[in-house]
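Here the protein sequences line up with chains G and X, keeping their order. Residue numbering for the first sequence follows this note's numbering, beginning at 380 and increasing consecutively. Residue numbering for the second sequence follows this note's numbering, beginning at 2 and increasing consecutively.
Treat the hints as calculated values from the structure; they're not laboratory data. Glycine residues also receive a C-beta, built at the ideal position from the N, C-alpha and C atoms. Treat each hint with caution, since some may be false.
With a straight-line cut-off of 16 Å between C-alpha atoms, the simulated EDC-like cross-links for lysine to aspartate or glutamate are [said to hold, decoys possible]: (1) X/LYS92 <-> G/GLU698; (2) X/LYS92 <-> G/GLU695; (3) X/LYS90 <-> G/ASP445; (4) G/LYS683 <-> G/GLU695.
From the derived model, a few chain G residues whose C-beta atoms are all more than 10 Å from chain X [unchecked claim]: (5) GLU470; (6) PRO473; (7) PHE505; (8) VAL686; (9) PHE768; (10) GLY772.
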Amino acid sequence: MIRTSRLLRVSRVAVSRSRLITCAPRSFTSDHKPKTPPQAPTMDPTALRYPNSDLSVNLRDVAKGDYLVPGDLARQSPALKTLHARLGLPEALPLSTLAQCLTCPEADTVGEDGRKLADNYGMSVFGGSLLKYHVTEKFVVQYPRLPLPILNSLLDSHLSLRSLTRLAESWGVETDRRSAFERHMSNDSLANTLGYLRYKPVEDDVSNASKDGVFDSYTPRSDVKKYNQKQKKNSQHNYDSQVYVFDSSAPEGYERSAARFVQALVAAIHAHVSRDEALKFIDNFILSRAVDVESLFSFNQPHKEIVRVCAREGLERPEARLMAETGRLSKAPVFVVGVFSGKHKLGEGQGASLAEAKIRASVNALKGYYLYSPIEQTRPQEEGYNGTFIDKGPVVI
Amino acid sequence: MIRHFSTSARRLAAKTPRPITPFPTKYSSPASAYKNPYIIPPGVHHHPAPAAPSAIHTPYVFLPDSDPRKALLAKSASVDTTNMPTFRKGKAQYHITEADIKEMRRLHESDPEVWTRAALMEKFGVSGYFAGSIVQASAQRVKSMNNELAKIKTNWSQRRADARLEREKRKAYWYNDA
Numbered sequence: 380m381i382r383t384s385r386l387l388r389v390s391r392v393a394v395s396r397s398r399l400i401t402c403a404p405r406s407f408t409s410d411h412k413p414k415t416p417p418q419a420p421t422m423d424p425t426a427l428r429y430p431n432s433d434l435s436v437n438l439r440d441v442a443k444g445d446y447l448v449p450g451d452l453a454r455q456s457p458a459l460k461t462l463h464a465r466l467g468l469p470e471a472l473p474l475s476t477l478a479q480c481l482t483c484p485e486a487d488t489v490g491e492d493g494r495k496l497a498d499n500y501g502m503s504v505f506g507g508s509l510l511k512y513h514v515t516e517k518f519v520v521q522y523p524r525l526p527l528p529i530l531n532s533l534l535d536s537h538l539s540l541r542s543l544t545r546l547a548e549s550w551g552v553e554t555d556r557r558s559a560f561e562r563h564m565s566n567d568s569l570a571n572t573l574g575y576l577r578y579k580p581v582e583d584d585v586s587n588a589s590k591d592g593v594f595d596s597y598t599p600r601s602d603v604k605k606y607n608q609k610q611k612k613n614s615q616h617n618y619d620s621q622v623y624v625f626d627s628s629a630p631e632g633y634e635r636s637a638a639r640f641v642q643a644l645v646a647a648i649h650a651h652v653s654r655d656e657a658l659k660f661i662d663n664f665i666l667s668r669a670v671d672v673e674s675l676f677s678f679n680q681p682h683k684e685i686v687r688v689c690a691r692e693g694l695e696r697p698e699a700r701l702m703a704e705t706g707r708l709s710k711a712p713v714f715v716v717g718v719f720s721g722k723h724k725l726g727e728g729q730g731a732s733l734a735e736a737k738i739r740a741s742v743n744a745l746k747g748y749y750l751y752s753p754i755e756q757t758r759p760q761e762e763g764y765n766g767t768f769i770d771k772g773p774v775v776i
Numbered sequence: 002m003i004r005h006f007s008t009s010a011r012r013l014a015a016k017t018p019r020p021i022t023p024f025p026t027k028y029s030s031p032a033s034a035y036k037n038p039y040i041i042p043p044g045v046h047h048h049p050a051p052a053a054p055s056a057i058h059t060p061y062v063f064l065p066d067s068d069p070r071k072a073l074l075a076k077s078a079s080v081d082t083t084n085m086p087t088f089r090k091g092k093a094q095y096h097i098t099e100a101d102i103k104e105m106r107r108l109h110e111s112d113p114e115v116w117t118r119a120a121l122m123e124k125f126g127v128s129g130y131f132a133g134s135i136v137q138a139s140a141q142r143v144k145s146m147n148n149e150l151a152k153i154k155t156n157w158s159q160r161r162a163d164a165r166l167e168r169e170k171r172k173a174y175w176y177n178d179a
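Isolated chain G (complex conformation) (with noise of 0.2 Å):
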């Protein structure tokens, strides 16, 4: 006990000393801060985009493989029998489309005789139509208000490249790079092969891997980041969304191939077993993730908006009322403000300011109404489906 304390006290000494000797005196600076204050994010209904997450680029220069593999073959691949186990895949889903699923069309298949492997690019081009379709059904359904910026935003949010890259990983699918050449000299067979993604890295995975030590599969491409930067400066709005648009002349690398991936998927599960089962299987792996459409919104001028929203929904113009507050004259005052159309109450805020309370309020009045829900949510492709609310749009501030 007694040393313990005496070996803490010595450590204690060193450690001060050591810093007296090594330190010099921080100087604040707030260099490590943006220069440019942020601004209020803005929202303009007109800078309408659609999420850029198909695939349907131009391939055509990419050789078309016609061989596919084989289902005695593809029964050999124990990451092909694990993969399709652990995704709880119908029965009725053979291997061999699983492994036709996990075939790029850039990547390097060519077998000893000389054929081509048959790629998913077909697949997933269906497929990630039938993502798109389904997943902005059941939003438009859910939430029948909401702005078509948010609405593309939410769409990219379960979407984007980048999701469903996320995805196909958390689903553990494992990747193989190599080139036909590199597979030959290491001796390995095409069913040792058939259970991995296989695609064709492009230089920046390449170069990323090389400079950190680590293949980041996250990390945006060069084309990618300056693509982003330039809808960054052209947008009207600035919603931190995923909008992944490539060159389609460059390669695909791994983000697109694990996408194109879960694409296929759906395809395939749509061809071998039904209609049904792939919207099933969308719901249960795309749509089950949790998404925090409050946290999208964001508005620039939401009092006037509110007002706006008021006169055409035919409801007296709102007003901002003092509900509660304390210690205005303190250094912490709390206000609570409610904006009210006349005796109905729209929304309620409090801030430490009357101005951040009332800013609040119509915040909260205007996410109450863009995101009324309807309590009947049948999708068409449902029974009992027998039409769903459709909004008149957002307003023109």
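With chain G held as given, fit chain X onto it using these hints.
Leaving out everything else, chain X in the frame of chain G:
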């Protein structure tokens, strides 16, 4: 052992059944053994948490007529606002004529240094928003004012500059109510 008032009060409280004011929650019976359990009258109870209202609950007036909640909320929807002061200074007056607007523009153009927005607000009894929609400062004046502001900012201490920046950042959160 000395019996204090607190002990006897607690014993008395244990004997007296308590009315149900806060909603009964799960509580640890060994830790709260001295407390009498809450008496729960039969029926369905709705005790929402005392928290800021969520935007997920659509306000009554924003519900479309087709929604079944509209009829259910019809009775309880209206709020008595008589004791809630409004932010408005008074009723809209609509007292500005076209001649007034021309006069405002003339004055501002004659001497923008004197006839600023604030001066026009005072002379014509209008809001800053209204005055701003009638007269706008010229690009040249905006530039010179910005230069002046930049000059003032150079005199700010690092501490003040940081504080202003932090304030701007906090303010950005008002607009999405985060």
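Q: Could you check the structure against the hints above and give me the numbers of any it violates, in ascending order?
A: Going through the list in order, the structure violates hints 3, 9 and respects the others.
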